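Trainee: Sequence:
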Amino acid sequence: MNLKSNHIECFCHKLTLILDAGLKAINVGTEGLTKDKPKLALIAEEPNGKESLKTAASVHNIASDEEDGELPDHSSDESTAKSVVNKDPPPALEPDVWSCSTISKVLKKVDWVIQQITSSAAKRSEFGVWSKKLDYNSPSLIAGHGICWNIKWQSRDRAYWGQSIINKLLDNEKDRHDHNGGKKFFKDVEISQRQWEIVNKLNEITSVSF
Numbered sequence: 001m002n003l004k005s006n007h008i009e010c011f012c013h014k015l016t017l018i019l020d021a022g023l024k025a026i027n028v029g030t031e032g033l034t035k036d037k038p039k040l041a042l043i044a045e046e047p048n049g050k051e052s053l054k055t056a057a058s059v060h061n062i063a064s065d066e067e068d069g070e071l072p073d074h075s076s077d078e079s080t081a082k083s084v085v086n087k088d089p090p091p092a093l094e095p096d097v098w099s100c101s102t103i104s105k106v107l108k109k110v111d112w113v114i115q116q117i118t119s120s121a122a123k124r125s126e127f128g129v130w131s132k133k134l135d136y137n138s139p140s141l142i143a144g145h146g147i148c149w150n151i152k153w154q155s156r157d158r159a160y161w162g163q164s165i166i167n168k169l170l171d172n173e174k175d176r177h178d179h180n181g182g183k184k185f186f187k188d189v190e191i192s193q194r195q196w197e198i199v200n201k202l203n204e205i206t207s208v209s210f
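To convert, note that position 10 of the sequence shown is 10 in the numbering used here; the numbers rise steadily by one, no gaps.
Take these hints with a grain of salt, some might be off.
If you anchor each label on the Cβ, the simulated ranges turn out as follows [said to hold, decoys possible]:
#1 His179 <-> Ser104: 26 to 36 angstroms
#2 Arg176 <-> Ser119: 16 to 26 angstroms
#3 Lys187 <-> Ala121: 16 to 26 angstroms
#4 Val129 <-> Thr102: 26 to 36 angstroms
#5 Gly181 <-> Asp135: 26 to 36 angstroms
#6 Gly181 <-> Ser138: 27 to 37 angstroms
FYI, nobody ran anything at the bench for these hints, they're computed from the structure. Because the structure is a prediction, the values reported are computed rather than measured. Just so it is clear, CB atoms sit at the ideal spot from N, CA and C, and this is done for glycine as well.
Sequences are here, hints too, so could you generate the full structure?
Mentor: Quick look at the structure:
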């Protein structure tokens, strides 16, 4: 991704490309992001006489400066995106939790739990029952599996605000299994408060694209 050679002048477009690189680094789907498309270069009106010579000399100097300097490449943009993701983590979180592998594991676990709840009529009903008991009035969960990254954002955002209900469902299953045995629908998955904060921090960072 070369922002100069591709003639990308729009700041929002540049920001989207940087965000794209960061999401790829932590295994988040990027479907729906703006594609990097070739564009026609601007054609300036050709000046006459001495002005033409001055313009040619100026263009030559600019080209020489760019050849001598280092142009940004894809790897540098990925590095920028990672630095955005890692910037200003909450004080309660240790630095190691902001590694790409840790974030990826947390997001996969949260996405899986959301998918388990939304794909089961019984679990959706249980979620609704406990939402009323715990006075949860925010929107219900939506699955973000295999679709656009902005829907994934909404899915995780709703999960974060409904974490008390999700944690209750996970605890209820453990209690039922301890007393009655049977199949483990959530496979003993746990989502700690620290992991929920990772989800929230990433959502806050990616929300700048909306």
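Trainee: All hints are to be evaluated individually against the structure, with a verdict given for each.
Mentor: The hints, checked one at a time:
For the pair His179 and Ser104, the beta carbons lie near 35 angstroms from each other, so the given range of 26 to 36 angstroms is met. For the pair Arg176 and Ser119, the supplied restraint of 16 to 26 angstroms holds, since their beta-carbon distance comes to about 19 angstroms. Look at Lys187 against Ala121: about 19 angstroms separates their beta carbons, and that is inside 16 to 26 angstroms. A hinted range of 26 to 36 angstroms for the beta carbons of Val129 and Thr102 is consistent with their spacing of about 33 angstroms.
For Gly181 and Asp135, the hinted distance range of 26 to 36 angstroms is satisfied, since their beta carbons lie about 32 angstroms from each other. Against the hinted window of 27 to 37 angstroms, the Cβ-Cβ separation of Gly181 and Ser138 comes to about 34 angstroms, which satisfies the hint.
The structure fails none of the hints (numbered hints given earlier).
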